[in-house]
Amino acid sequence: MTLTLLIIGMALCAFATRWVPLVLFGDRELPDVVKSALNYVPGAVLAALVFPAVLTPMWDGGDSEWAVPTLVGGVATLVAGRFVKHFLVVTVIGVVVFFLVKRLFG
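Here the numbering used here is used: position 7 in the sequence shown is 381, and no number is missing along the way.
I should point out that these hints are in silico values taken from the structure, not numbers from a laboratory.
Just so it is clear, the structure is predicted and the values come from calculations on it, not from any experiment.
Heads up, the beta-carbon is just placed ideally off N, CA and C, and yes, glycines get one too.
Hints should not be assumed to be uniformly reliable.
[As the list claims (entries may be wrong)] Taking lysine to any residue pairs in the SDA-like style, the calculated list, with each CA pair at most 20 Å apart, reads: (1) 476 x 446; (2) 476 x 452; (3) 409 x 426; (4) 409 x 392; (5) 476 x 442; (6) 459 x 475; (7) 459 x 419; (8) 459 x 430; (9) 476 x 426; (10) 476 x 440; (11) 409 x 419; (12) 459 x 442; (13) 409 x 425; (14) 459 x 477; (15) 476 x 459; (16) 409 x 445; (17) 409 x 387; (18) 476 x 439; (19) 476 x 410; (20) 476 x 430; (21) 459 x 412; (22) 459 x 410; (23) 409 x 424; (24) 409 x 461; (25) 476 x 428.
[Said to hold, decoys possible] Here are the in silico distance ranges between beta carbons for each label pair: (26) 405 x 478: 25 to 33 Å; (27) 410 x 466: 24 to 32 Å; (28) 403 x 479: 30 to 38 Å.
Could you build the full structure based on these sequences and the hints that come with them?
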């Protein structure tokens, strides 16, 4: 029961954080400064996801089974992110490179 209430509470919080600004500010035009700042969000999200995942195997004692494929996949993701503008494509490139290196050097 507590797990169900927790999930419902989290869903309500997630919904409220998206719905309230839409209702309050939905009819207003965003200032150019805000629009410009929002252009950096995909890159910031990509970095926030990639950097901890790439560096974690090295922090945890350097398990070489995961460290090398993770590092190569992370670098491939960052390079792809620089040249490819679609977030999903960049993510798929990183995952594919990770599994290829893991398979080859396993």
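Quiz item: What hint numbers does the structure not satisfy?
Solution: Those not satisfied are hints 3, 6, 8, 12, 13, 14, 15, 16, 17, 19, 23, 26, 28.
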